[in-house]
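Q: In case you want the letters, here they are:
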Amino acid sequence: MLLFIEQCLNGLQLGLLLFLVAAGLTLIFGIMDMVNLAHGSLYMIGAYFAATFVAWTGSFVAGAVLAVGATLLVGMLLEVIAIRPLYGRDHLDQVLGTFGLILFFNELVRIVWGPAGLRVPLPDWLKTSVPILPGLQYPTYRIAIIVTALAVALFLYILVMRTRLGMLIRAGASNREMAGALGVNIKLLYTLVFGLGAALAGLAGLMQAPILTVQIGMGENILILAFVIIIIGGIGSIRGAFVAALLVGLIDTIGRAFLPDLLRLFLSYRTASAVTPAISSMMIYLVMAIVLVVRPQGLFQVSGK
Amino acid sequence: MRKLLLATAALIVLAAMPALAPAQEKSVKIGFISTFSGPTAVIGNDMRNAFELALDHIGRKMGGLPVEVIYENDEIRPDVGRQKTEKLIQSDRVNFVVGYIWSNVLLASLKPVVDSQTFLISANAGPHQIAGKLCSPFFFSTSWQNDQTPQAMGLYMNQKGVKTLYLIGPNYAAGKDMLGGVASTYKGKIVGEDLTRWPDQLDFSTELTKVRNTNPEAVFVFYPGAAGVQFLNQYAQSGLRGKIPLYTAFTIDSLSLPLQKELALGVPGAQQWVNDLPNDANKKFVADFRARHKTYPSFYGAQSYDAVNLINSAVTAVNGNLADKDGLRNAMRKADYASVRGPYKYGNNHFPIQNFYLQDVVKDPEGNLTLKTVSTIVENSQDRYAKACPMKW
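Residue numbers (this note's numbering), protein chains in the order written: chain S, 28 to 332; chain Z, 9 to 401.
The set of hints was computed from the structure by calculation and includes no laboratory data. The reader is advised that the hints may include incorrect statements.
[Stated by the list, open to error] Calculated lysine to aspartate or glutamate pairs in the DMTMM-like style (CA-CA distance at most 20 angstroms, straight line):
{"no.": "1", "chain 1": "Z", "residue 1": "Lys269", "chain 2": "S", "residue 2": "Asp151"}
{"no.": "2", "chain 1": "S", "residue 1": "Lys154", "chain 2": "Z", "residue 2": "Asp372"}
{"no.": "3", "chain 1": "Z", "residue 1": "Lys292", "chain 2": "Z", "residue 2": "Asp372"}
[What the hints assert, rightly or not] To give an idea of the chain S side of the interface with chain Z (calculated C-beta under 8 angstroms), a few residues:
{"no.": "4", "residue": "Gln34"}
{"no.": "5", "residue": "Leu41"}
{"no.": "6", "residue": "Thr155"}
{"no.": "7", "residue": "Tyr168"}
{"no.": "8", "residue": "Arg169"}
{"no.": "9", "residue": "Ala171"}
{"no.": "10", "residue": "Ala198"}
{"no.": "11", "residue": "Thr218"}
{"no.": "12", "residue": "Gln242"}
{"no.": "13", "residue": "Gly244"}
{"no.": "14", "residue": "Ala284"}
{"no.": "15", "residue": "Pro304"}
{"no.": "16", "residue": "Ser308"}
All values reported here derive from a predicted model rather than from experimental measurement. For each residue, glycine too, the CB sits at the ideal point set by N, CA and C.
Assemble the whole structure, with the sequences as input and the hints as a guide.
A: Structure, rendered in structure tokens:
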């Protein structure tokens, strides 16, 4: 039972990280009707900024805050320079354009930070594990990720549902011509939304940084999962992204955790270990396929679409 | 009319080509396949650096012929590796294909090379298929068969009296070989085993949670390249470091150490070559490599360095007559060159019969972390698939 709870926590933590990436992606896709393949690059940039700023300030928290701010700026700058010309274009043009940005960012990172990859050291107070239930130790840093991501999810909910800016974002998502006609500065709104999406991706990247190595191309794996999530959750829906991200995180983790034992009932020991990774990653896509068949608009549909 | 003329001209050129090819070779052409992009580019660069150093040490000539090297990037992908290999064989017409970090890339690329009767020298990967049923008179290894290194680790864990063991590795050809290798020599009980998605799964929280709940006496792990850094990182964060000892193969090397730092201290590994092996060839290799690149070479580099000298010994033996494939093969079978691991012999499947050492992480006089030989775990070890190879000589 304790094992099950701990694996659920692992799944929750993975799901929340995926949510941070998917939330930005779904905002940009849903509101701006923009397919942004370079979203994974912003995740990578966030991690690289964190590595630099943590080393520079000597404090993990200060470095993280600076990195989020820097990624926000990079995102807004990117929107003005490179994304804006792509708005009126076909989705295929956007895919090509933003794919080019992936190559650009990968090469830029190689020039600035070198090919070898970086490590972000954690402060001692985050390196340990703490008891959260009798007999259940959980790494402090992973708890910190869960808490931070939940707080960000709450902040996003309040921002989108309770503030004037959120109202404009929702208005832009339902009908951007009408919102523009009513005098909303759509250009500025788009720059802000893109920057917000970039900051969320950067936050996910920097929170992953101490667990993984900061390396070139780190955003590309997570980008595919993020797209799966926004399709399951419904394009443009933050709530949908939240539910779908948790679903994907839990399915992936629980699959990896318990499938081998299940499969070993009727397969050989080594074969069971070998097919588990394949099956557990397949399950996510299976869920996506079922959602696409049963509810093509995703679990949570944005009204007006 | 113009089309007809062009076609005729093309036909004449095509017809003339085979007539040109057998003429006396002007150079030794070597194709080198490794990973030169992405997070594992550090491994490919280290191999290239060592390969270039070896060429400089022999004056960039073999048997009187100048050496020409063409480097190709496999992007860690079997399909790309195979394409690049076919390109080296068909359009560059190389005499030797060298390299291959990854077993799955090597397995995909083997057939076009040996079918064209070109020699393939693996400077790292050693999948069991090529040591057994797929063994070929055109394949040689300057590294090991995948099972051998973890087998040595299994023997060492027996010496240490480890009673229960958990195995973790990536789910591809080499990962399966490595875990199988440990299981074949380890005498205690294997209480758990996980193969993880490769190369994209980098978060091991699920697996580490299982380790904690199974509570084995030790964990054996195989994660080459950057994944090894992540594994050690997460092992420490999960609170398992210091509680359950780790035993490794190919997880800690001179390329990953600068990132693993103190987390690698006290984690033993097995290897057929360590930078402090006291033979003259190795002293020269390590000293010159450090002078040129300011870092220690890795075992990947050592194996690439050996590949140059193995080829050189063969080309010199046939006096530069590269058409004499039997002569080249017979010369390479003798392994008659100064290997940086010390002398070794080839088994019937062209994999080395060699010693394996226990290595540990220490600080050098300048304060850098480096690897040091502690003891010899096993002498003259031969892989366990040689009997399945039908080749006899």
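Q: Enumerate the violated hints, using their earlier numbering and listing them in ascending order.
A: Structure breaks hints 2, 9, 10, 11.
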